[in-house]
Amino acid sequence: MKNLLKKFFDDTRPLFTADGKYKKYEPVWDATKTFFFVPSAKTRVMPFVRDHLDLKRYMSIVILALLPVTFFGIYNVGYQASIGTGETLSMAKCFLTGAWYVLPMIIVSYVVGFAWEFLFAVVRRHNISEGFLVTGLLLPLTLPPTIPLWQVALGISFGVVIGKEVFGGTGRNILNPALTGRAFLFFSYPVAMSGDVWVAGKHLVDGVTGATALSVTGAGEQSITAALSNAGYSLGQLFTGFVPGSVGETSALCCLIGAAILMVTRIANYRVIIGGIAGLVITSVLVYLIPGGQDTWSNAGPLYHLCAGGFLFGISFMATDPVSAPGTNPGRWIFGAAIGFLTVIIRVGNPAFMEGVMLAILFMNVFAPLLDHLVLKYKSSKRIPNV
Amino acid sequence: MKTLKIFRGFDLNVPEEPDLSCVPLALPPSLGCCAGDIPHIRPKLLIKEGLRVKTGQPLFTDKRDTTIQYVSPGTGRVEKVVYGHRRRLMEVVIATESEDEYVEYDPVTLEGIVAMPRNALVTNLKNGGLWQGLRQFPALDVADPDHSPAMIIVAMDGNDLFSPHPAIILKGNIAAFEAGMAVLRRFSHQLAVVCRESRLKGIREIGSSVADQITHTAPDIYPAWQPGAVLYQIKQQAAENSSWCIRLDHLVMMGRFLLSGRYPVDKIVTITRPGDRRPHMLGRQGMPLSVLAAQMHGQTIATTGRFNGRILEKDAHIGFFENTVNIIEAGPGEEMFGFARLGLDKPTLSSTFLSSLFRRPAKMDCTLHGEVRACINCSYCERICPNGLMPSFIMKALHADDLEDALALGLMDCCKCGLCSFACPSKIELTQILSDAMDGYYKDK
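Just so you know, the protein sequences line up as chains A and B, in that order.
Residue 295 in our numbering sits at position 295 of the first sequence, and the numbers go up by one each step.
Residue 53 in our numbering sits at position 53 of the second sequence, and the numbers go up by one each step.
If you're looking for bench data, these hints aren't it; they were derived computationally from the structure.
Since the structure is predicted, the reported quantities are computational estimates derived from the model, not experimental observations.
Among the hints, erroneous ones may be present.
Stated by the list, open to error - With a cut-off of at most 25 Å between alpha-carbon atoms, the simulated SDA-like pairs for lysine to any residue come out as follows:
| id | chain 1 | residue 1 | chain 2 | residue 2 |
| --- | --- | --- | --- | --- |
| 1 | A | K379 | B | N13 |
| 2 | A | K382 | A | I345 |
| 3 | A | K21 | A | F114 |
| 4 | B | K443 | A | S380 |
| 5 | A | K42 | B | R262 |
| 6 | B | K48 | B | R262 |
| 7 | B | K171 | B | R262 |
| 8 | B | K396 | A | K21 |
Said to hold, decoys possible - Across the chosen pairs, the derived CB separations fall in these ranges:
| id | chain 1 | residue 1 | chain 2 | residue 2 | range |
| --- | --- | --- | --- | --- | --- |
| 9 | A | K377 | B | L110 | 34 to 42 Å |
| 10 | B | T3 | A | I107 | 34 to 42 Å |
| 11 | B | A239 | A | N329 | 46 to 54 Å |
| 12 | A | L67 | B | D436 | 52 to 60 Å |
Cβ atoms here follow ideal geometry from the backbone N, Cα and C, with glycine treated the same way.
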């Protein structure tokens, strides 16, 4: 198998390199080849030994960290559909049903996204960066399972082209591409994206809908926590994730597993995640202490804020995107904390956009270069000048 | 004695440490005086092919300062002059005669060194071809004798993980070491003598008088013991940016030259090869690589420092500034699904392969392990830089042609250790970019 593949790439090499017939499509050939074989060119300049970590391994670890939320998301979609139809499905059946909804989304996202990546790589004559492997999986995980597939295609196109390629491609984008795509869908097609998120069962029985946890409010005397558990969102359920919502974001537990993988392998910077959680907890406690608003999210307390909605998903997988986050350590602390702070403020103060974390991250993405600038300026002032 | 606190750097378990025994080598058929390893030099040839030269006779000089001379490491006929890219002089090769005939100078005693006028001392060392052992920060050019350095750093250890053990260089050379230190004291009041923690015991055994002069010990994390990293750790003010540094073997050579009046031709060299422990070798200045490493496979490369040396061609000779040869193999070739392997056999400073859980012997090879990509701001370069720089930000400032910004971020504090390029997952040649910018800035200044 290995020799066969090697022979295939050796045979096709002349077609795609130098004066080959398909020279234009070298990036496509290169991306396919490097998927199978780690390029191992000899070092020409010092240092002559290099670390084994490359960008493909780097992004593979992120994919690995996303697997728990992906598999749980698929299962949960099936499980929620079974509630919708009133059937009790076996675990395998739940999984299959879920896969029926989710896999097409993932496939569409990858196919359409890669088409754009290839197009830009061919026109710009550069190799394809591995960053898209993550973007292509992140976007469908932030979408509700009932979204029309053409919207997925539109979202990933917007994310890749406007979110990334117009800035020059991976490494040069200001905003997180997956989140940019999601924001585009969120504002363009609000009906499909928010409020009545859970309608997977709709195809099977009429009118089974539900609201996401974040859109629940208590009525009058009823406190928010009571209202949440009445609506089927107890803290335990929110933590394990057996609730309706976007594919990947419902389970706080799986997000935490992913965050742990990213932090242990040091692929994600722990400062962003810890800073974000700290910012969210502190802000939600402060908001809790302000009297009034018994029936709104201002009174929900830190645990509900942590587990409900997409905060943990966002802070673990979106905010830690190294390109759009600050590149300095103090900057990362501030960046994370500000996302936590803004998430609570948006949830509490602006009921029109319940999901605060998306806007909080995009907002802070814009400020990341400024944070870096300030940190660098401060650090430079502390150096013994050497000019 | 102070202990330097340097935590960032390379500390994988590389099992190639040379044995502490020392084997003398026979006189090789050819010796070379190398120009390829000398920073900033613009060489001007002083001899012609076919001419017979004595040991210690100048072969080429530096157009920028013709009083600096590079002298012949042996006696014999000039066999050939080797030019490299753009007709840059690479080396002058001498076909050796069995007996050395030296260019003789008047020997100086230790008291003489102290009493001698400073100018005479400089001229003496320049004639002997040894002044260039003293280098001046930040560009590590030849020290300017008119400058009074705030500090002189004496590096007991070399540029590689496994450069010769200082105790072996010092063996029988204690008097020369003292003479060399006396020379340095003529130029600066502050001498920082630095050695690796693990080397201290050996030095103490060879001579407590040497060990007593050591002012700093550096942890065994590459490149903590290198002058650039040491200077960054101990400097207190901007005046120290133009300090000088010298390596132990050059210091000993200076001492031996002054005491004997002859060019010291001995050189201790180490050879490292994966899975092999070779003894130290006592040979000559300008030895050919072929004497040191007889057999090399097609894909194998030989370098004079795995992180910050240069590649040696098969017929090359070891330069004045080099005393380590690393034989680095090419590795297993293109691996299938390399990105998805557990990686017990993949040494890494990240935590993305299982090898990071164990301190197993790391087998290093000379391949990139990936392809060049855009910088993704991951900060691996910052995490490993011993001098607290942020190489990715400096690189971006340089790409934007903003030299002022790069300088403010500490470009000239870079010690060219090579670790940022080593660690970069996007395989960007950070060290080269920074190093070229430093040299360019220095040249323009």
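Verification of the hints:
Between the alpha carbons of K379 (chain A) and N13 (chain B) the distance comes to roughly 33 Å, so the proposed pair goes past 25 Å and is violated. Pair hint K382 (chain A) plus I345 (chain A) does not hold up; C-alpha atoms about 35 Å apart against a cutoff of 25 Å. Straight-line distance between C-alpha atoms of K21 (chain A) and F114 (chain A) comes to about 23 Å, which keeps the hinted pair within the 25 Å bound. Of the pairs offered as hints, the one joining K443 (chain B) and S380 (chain A) holds, with about 24 Å between alpha carbons and a cut-off of 25 Å not exceeded.
Note on K42 (chain A) and R262 (chain B): the hinted pairing is violated, with a Cα-Cα distance of about 42 Å set against a maximum of 25 Å. For the proposed pair K48 (chain B) and R262 (chain B), the alpha carbon gap of about 23 Å is at most 25 Å, so the pair holds. Of the pairs offered as hints, the one joining K171 (chain B) and R262 (chain B) holds, with about 19 Å between alpha carbons and a cut-off of 25 Å not exceeded. With a C-alpha separation of about 36 Å, the suggested pairing of K396 (chain B) with K21 (chain A) is violated against the 25 Å cut-off.
A beta carbon spacing of about 52 Å between K377 (chain A) and L110 (chain B) contradicts the range 34 to 42 Å that was offered as a hint. The hinted range of 34 to 42 Å is not satisfied by T3 (chain B) and I107 (chain A), whose Cβ atoms lie roughly 58 Å apart. For the hinted restraint 46 to 54 Å between A239 (chain B) and N329 (chain A), the CB-CB distance of approximately 30 Å leaves it violated. With their beta carbons about 42 Å apart, L67 (chain A) and D436 (chain B) fall outside the hinted range of 52 to 60 Å.
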